[in-house]
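Colleague: Take a look at the letters that make up each chain.
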Amino acid sequence: MLEKRASRGTSPAILIILLPIGMLLLLIMASLKNQFSLIIQNTIVQSFTTIFLSIILEAIPFIIIGVFISSLIQIFVSEETISKILPKNKFVGIFLAGIIGIVFPVCECAIVPIVRRLLKKGMPLYIGITFMLSVPIINPVVLVSTYYAFLGNPYMVLLRAGIGCTSAMLIGFIISKIEPENKIQENRQVVTRQNLCNRWIYNLNTDKTKNKVDFHIHDAIHHHEHGGECSCGHDHSKSGKNMSIADSVVDILEHTSSELRSVGKFVIAGAFLSSIMQVVLPRKYMLSIGHNTIISIVIMIALAYLLSVCSETDAFIARSFAAQFSSGSIIAFLVFGPMMDIKNTIMLSQAFKAKFIMKLTILIFIAAFAGGIIVNMAGVKI
Amino acid sequence: MFKINIKELKWFIILFGFSYCLYYLISSKKIYLFIHPRLTIYMYFSLFIFIILTLLQIKKIFKVKNENMKAASSIFLLPLILIYLVNPQGINAQMVSQKGFSTNASLTGNLEANKTSAVKTKANADVDLQVSDDTMQGGNININEQNYSDVVNEITYNMNKYKGRTIKINGFVYTDNTFPKNTFVIGRMLIICCAADAEMVGLAFKMDKPVIQKDQWVEITGVLDTMANFDKEDTDNRTIPFIKVTAVKPIQKPSNPYVYLKASGN
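One line per chain: the protein sequences are S and G, in this order.
The first sequence runs 1 to 382 under UniProt numbering.
The second sequence runs 1 to 266 under UniProt numbering.
Same shape as in the complex, but just chain G (with noise of 0.2 angstroms):
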């Protein structure tokens, strides 16, 4: 009859789980809620080596011998327990509140887009070209993912050169006691790396009737003004440009609701 060694069966249990779970997170493109999508290739790389190991595990189940491991701690198996019963939705605005939004566009990455005329990327002089398109024919600004980060951005350093145009921004709505009556803040979360250092990139706007929560996702069309700055802590920045509302339009939360760095991007 043959035998089975209970220890190295947790430890293939953990190694399958992790597998698993890898495949799913990767094959559900839900993998994009916790790292930016150049880590990808890393994660193939993790679910190549979890595979081989769980393999390889397999044969150990079944070979008993008087060892004196270990059997594998059960912290392992509180990553996949709380995956499976959590089912994370990624970074909202709950976080905002913890880290504080600042309207110092000194925030990851900004000074980038402050100096592409000393240092171009290919990503950035895009970025431009489109801006100035804009700036000659009057046009909406549009922020979309591709942009988000950079338009925002230059909107933020040069507010005076976007004044009276019109703008369209989609993300979620945050808001907390240190705002002025009526006054929001639309943005989306910026990864460089992975979900722990998501930053919030985005504009305030103002309502008359506020009729949206926090946290919900909204996309809004209106004029871009400036205002008295209302974040104490920024002393840098005395004005800030805010977009005065004309339309709200609730929207779907994005399959993937963050935004990413062009420059350190693909």
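Looking at chain S on its own, in the form it has when it is part of the complex (with noise of 0.2 angstroms):
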């Protein structure tokens, strides 16, 4: 009922009502910030705050320039440019998918909506993950704040941006082995579906008239038409040809504006958890098992996953554990945090089946583990 009125449109009414109810809002929440006052005082929800903040703030113009060139992309490439673009080798354009981060300086924020546009766009799952994968690696801003971490060890930036890439190219040819159809489209029938069949549930447990359960499903329906060719649910009917310069660009930035509305929610709540993370996480502790070669890269591994920190500045984070732990564990620290982590995966998940994220997560862990295993057994120290 609500949902039939607010596609509609709201009466000012009821913002007459809303209004009073807002004010009060605000007032409960300033006696709030009085009444707990102590509570707000805790340095942990201090750290927690200024850590969560600083993701985000940190995180948000990355993500806006992600979005953007995925709303350019959107408007300004069709289907058949992609397709003619891409390499028909298959070999040939998961190479090319694995080095083209060189010239693309985007970090893991941002790809992830580019990477979903172009795969909405027609671009085959194992290309779209490769260039997924070693874009936030061998870009040059990493690549550049890496060689500054470590200073002393230039081969540290040949040996990341090396393993990164050969495990991208790998992982992406493993994919195209087992997934060959493109996966984001799939999903998005079944996410469809299954909100049909809650609608259904919904309706019946209200006891909604025959009439209304019609109208619901209708609604989802249409959802789903419109949801396979965009999911941002906006007007694209002007994205013909005689478009003026103002009309596209109104365009893209509404286009922008309704992209940030669906990936920022995932961004927030990858920065709610692994600020939790870095508040929690006793870290002093796990220094002592830092020179094990195997346990060592496993926890290092699993560090880079729940920290979610930049792949700007994992490098600086690298270093400050360097000397307590084994060097095969740092690369492997390097080449996992980029490809994966938990704000990634919570973006993912807006576009893949948690069945492939795990699939992926695996494979992304084989290919770190492994590369962290060689480091090792080859004996170089940082």
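Calculated directly from the structure, the hints in this document are not laboratory data.
Quick list of in silico lysine to any residue cross-link-like pairs, SDA-like style, CA-CA up to 20 angstroms:
| id | chain 1 | residue 1 | chain 2 | residue 2 |
| --- | --- | --- | --- | --- |
| 1 | S | Lys121 | S | Gly93 |
| 2 | G | Lys244 | G | Tyr157 |
| 3 | G | Lys10 | S | Leu26 |
| 4 | G | Lys7 | S | Glu254 |
| 5 | S | Lys265 | G | Ser73 |
| 6 | G | Lys253 | S | Thr43 |
Put the complex together from the two separate chains, hints included.
Modeller: And the structure:
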């Protein structure tokens, strides 16, 4: 019922009711602030909020760049262009996707919306995945920051880029074998079908009349049809040929706005989880187990996943562990972190099935772990 | 009669909230509690985009169509509410006890100080000059915001060179139960990119009458000396420098509590 009203617009009368409620909420919050000043002064809450906000603030500009590029692709790049550009040979495709990051300075926060859009435009899954995994590691900004973090060991940069790039290509190749179809579309249909069921159940439970159930089903089906093309749900009728420049600018911005709306919540959820991790993980107790060649790799991979720091800065974090942890584990941290972490998992869950994300995480884990073992075996010293 | 689209209104409120929040943080300089100053330009960029999106959203509030757009998630409100309720003051000693303070100077960026002779950025050269000037005059070592991490690292690596010198340093006090009696660490948080990667840089000091509290901001003056390392995890350094305190002065927490790395700075 409520949904129906909202989709048709609400009369301003509602606002007259909502406004005082909003004011009341603000008042309650203000009084809460005084009442619970003790809890708020608690240093854990303070640290948590600082880290939470700092991750969001740091990620926002890069997310905006990501959704902006994604909007540009949506409006200016057609499916035909993509299939024309892409190499026909699978190996050439994977190889190019693996090294293009060197001229594509986008970090891991921004890459997910871009890849999502490219996949929707018909890019094969294995190329999209290779691209998504390699770009955050071998982009110039990350390589320079790695160079500065390990100033005495320039080969750290080569190791990171080399292992990262090779793993991304290998994973892309494996994906092309085990998941030949473009998963992103299928997922969408499943989601809408689930939605449909939920609505049915909801309607039955709330004992609506037959008439209204029909309305909701129609609603869901419509969403399905529309969603297959573009999840943002706004009007694309204008994106035809005769558009003025102003029109297309507005179109891009509106697209950016709606994509920010759908991607942003995952970023915030990811930042929330990883800042909890930062506050509760007792890092100092982990240091004592850092010398073991195998356990240290597992621990550093787990840390990379849980801390979810941006790939631009993770080299400096890794540097602070270098004295206590084996070299292989540092490399594993630097390779695994940009490819997969809490923030990424949550962002990916918007586009892929949980099962696929699991498979991908396991593949990345194996790649990073193997890379770490090899570095440890070779006896590289940092 | 005009109608209002509640879902679009919610997104408008969120966009407006973020724009205002960013504006407030930038104009009050509080933004530096969260991020490195080098990222300021990105913050202006975000603010600019948010303002444009907010303005664009105004007309959508009144545009009522049968769209099947989901309403913006309420999770967007979480950071806005938190920043209002908690009013965060930055990273403090509590976080250090979680991350641990290592006496090993392999903490972030110290390598640069270690290898200043090999790789010299202009900033590092300045510090070297200043430190060596002091050596010649036998004067006091004054640690301030500009040279904090460089000088602290220099002292940690070449402690014998500076033994017996008078030093003045400010920062917050950190201690935990692994420290020997009457031993504390004074330091500040070093930020590479944002508050999520903060690490403590600082020096140990000893005081006979421990009148200061953990997390209190002080300025101490004292003489540099060396002691046996009390950090069990640190196998590289058997001895560490510490300050024999001669004077302690409580100070106000600075508006920007952090210090930055010069080499990667602006």
